[in-house]
Amino acid sequence: MTFAEDNVIMTINKKLDGTILEIAIEGRLETTTAPELEAVIKESLDGVTELIVNMEKLQYISSAGLRVLLIAQKTMMKQGRMVIRNANDDIQEVFEVTGFADILNIE
Amino acid sequence: METLKTEKMKIEATVDNLHEVLAFVDERLEAAECSMKAQMQLDLCVEELFVNIAHYAYTPNKGMAEISMEIDGDRMASVTFEDSGVPYDPLAKVDPDITLSADERPIGGLGIFMVKKNVDDIFYEHKDGKNILTIKKKI
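Sequence order for the protein chains is A and B. Going from the first sequence to the numbering used here is simple: count from 1 and add 29. Going from the second sequence to the numbering used here is simple: count from 1 and add 25.
It should be emphasised that the hints constitute simulated quantities derived from the structure, not laboratory data. Don't be surprised by glycine CBs; every beta carbon is placed ideally from N, CA and C. There may be inaccurate statements among the hints.
[Unchecked claim] Quick look at which bits of chain B chain A covers, simulated, 3 or more residues with Cβ under 8 angstroms:
hint	segment
1	65 to 75
2	117 to 130
3	138 to 152
Isolated chain B (complex conformation):
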């Protein structure tokens, strides 16, 4: 088994950079022979979390996001998102009511809920002026 190695990328948090972030994550998942399904589920999480930073962390200004990733010997993939924007804990948000009819359903608000449903573990902390959110998923 390879030794544990954390890889990082630092990138401006804009929606235009989403695919670069996905490529960074997917490259590592593919190298670890992650299943297509787990990869898609992690892509979903990465999209929601990075886009959240791009949309809200620095508005109306721009700022950076740092994404770090590691896959341990038990095939647990961890991806951490850090930004220095407005303190925001997405996990504090109440889950949407998914039993409502189409008429009653508000438009939007599913992103973080989908992240929670697609990972094995997720945690948030605000530390040294940074939002730090980590997801873990067995691949």
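With the rest of the complex left out, here is chain A:
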């Protein structure tokens, strides 16, 4: 699938279980969609001790997306932890090339 086939470029699903927040991101996390994730993260992390970012349906991440992940990681380091789950091989490679594989908890 490419962005051109679908008007919805990114979807975010939140699930709060006590102080554990799971955010599932689908589609493309890039220049036009990263601000939306940044807003969701900024308004949702109060009192959260564990942030799970589920990337099972994430197909693409650019530097704009990495920027938001780093903001989330910095915030969560002060109040708990952040975990990345189910990143596909291409996204994993982006993490490795940028050194993000060393600073994120990737499961």
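Start from chain A and add chain B according to the hints.
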């Protein structure tokens, strides 16, 4: 093998036009049966370079970007970005330190670094009042 053909698009350099630029590039990559992986890597480069122009070249005004693309007989894809904005060589920027911890890492600054890591060749020139940046990648 098809003869070499350069295709061009001229578009206002705004973030809103990013997907139109990506569609232009992807259409040609798909026609050449480019692998999904190489396509994703080229998308990343195109996003970073076009958005850079959109954010910085003409600020606070607006201006145009020209994108030209060709795929040669050896499956080398070339994409060139031209703008008439402020002279700026993104390759002159020092690479970020990717060994820093999350605490020490500055927010942002990875875009051009990711481009360099995902292409086979990249070069910049300033000529006739234009920034001209070309990336090449085997597909």
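* Asked: Looking back at the hints listed earlier, which ones does the structure fail to meet?
  -> none
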